[in-house]
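Listed in order, the protein sequences are those of chains L and P.
Our numbering numbers the first residue of the first sequence as 1 and each following residue consecutively.
Our numbering numbers the first residue of the second sequence as 1 and each following residue consecutively.
You may find that some hints are simply not true.
[Claimed, not checked] With a straight-line cut-off of 27 angstroms between C-alpha atoms, the simulated DSS-like cross-links for lysine-lysine are:
no., chain 1, residue 1, chain 2, residue 2
1, P, LYS16, L, LYS139
2, P, LYS70, L, LYS62
3, L, LYS3, L, LYS134
4, L, LYS133, P, LYS76
5, L, LYS116, L, LYS141
6, P, LYS16, P, LYS51
7, P, LYS76, P, LYS23
8, L, LYS3, L, LYS133
9, P, LYS16, P, LYS76
10, P, LYS3, L, LYS3
11, L, LYS62, P, LYS23
12, L, LYS62, L, LYS133
13, L, LYS134, P, LYS16
14, P, LYS3, P, LYS23
15, P, LYS23, P, LYS70
16, L, LYS133, P, LYS51
17, L, LYS3, L, LYS139
18, L, LYS6, L, LYS139
19, P, LYS51, L, LYS139
20, P, LYS76, L, LYS116
21, P, LYS3, L, LYS62
22, L, LYS141, P, LYS23
23, L, LYS141, L, LYS3
24, L, LYS134, P, LYS51
25, P, LYS51, P, LYS70
26, L, LYS6, L, LYS141
27, L, LYS141, L, LYS62
28, P, LYS3, P, LYS70
29, L, LYS114, L, LYS133
Because the hints were derived from the structure by calculation, they are not lab data.
It should be emphasised that the depicted structure is a prediction, and the values quoted were computed from it without experimental measurement.
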Amino acid sequence: MLKISKTEFDEIRRHGEETYPHECCGVLLGQMDGDERVVASVARCGNTRNDSPHNRYNIDPKELIRIQREGRERGEDIVGFYHSHPDHPPRWSPTDLAEAHWLGCSYVITSVEKGKATATNSFELTGSDENDKKLVDEKVKLG
Amino acid sequence: MTKIHIPTPLRQYAGKQADIAVKAGTVGEALSGLVSQHPDLRRHLYTDDGKLRSFVNVYLNDEDVRYLQKEATAVKDSDTISIVPSIAGGR
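Start from the sequences, fold in the hints, and give me the full structure.
Take a look at the structure:
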């Protein structure tokens with residue numbers, strides 16, 4: 001389960017609307033609490049896929065290291081990531097699964113239809129390694 | 001000792017530690033020292049033929065070691081190595 005405040009939830013949806021028709025991306029920071037990921041803050045990232053930003057995203061590892069460092073100063077760890085699917089359903093794609101490597105983290109996807117955020121879903125990357133990883137639907141608890 | 005920062009998914013294979021200190025002269029030695037201490041990490045970092053997995057980024061402080069001298073890059077005790085699996089995807 002992913003626990004996130006309404007404020008942070010709205011923020012990641014707004015980010016998708018602002019970058020439309022391109023995909024947005026960012027990091028969820030907080031604490032792992034058993035099977036729950038509790039989000040304390042979100043950090044926007046730039047999408048480095050300038051070659052195909054309408055249907056691909058990539059976060060610069062250097063930007064991630066900075067976000068990770070700043071998070072740790074607040075006692076927060078990386079617990080997941082988010083991105084948007086412009087004019088496409090909020091379901092993970094084969095590309096999303098192939099390029100997901102943070103086992104045990106949440107991957108949040110927001111569909112943005114004609115510039116307006118519609119549904120947002122979250123998936124946990126489960127499995128023991130690259131060979132058996134899966135993106136599994138997870139509940140999002142707001143509050 | 002050089003500090004290696006472990007990303008959240010890999011901590012379960014590293015004694016649940018966020019940082020691990022190793023004595024090393026190069027990035028390669030540091031990573032070897034890490035997997036010697038925590039053998040379960042090996043399959044997550046390396047392919048069966050011993051190469052770093054393509055999606056595993058290794059940074060020395062704020063620099064990608066691919067653009068330095070890769071695993072031969074020299075390290076000092078004050079350095080921090082970060083292991084950063086890539087984050088990408090799309091519809």
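*Out of the numbered hints, which ones does the structure contradict?*
4, 10, 19, 20, 22, 27 and 29
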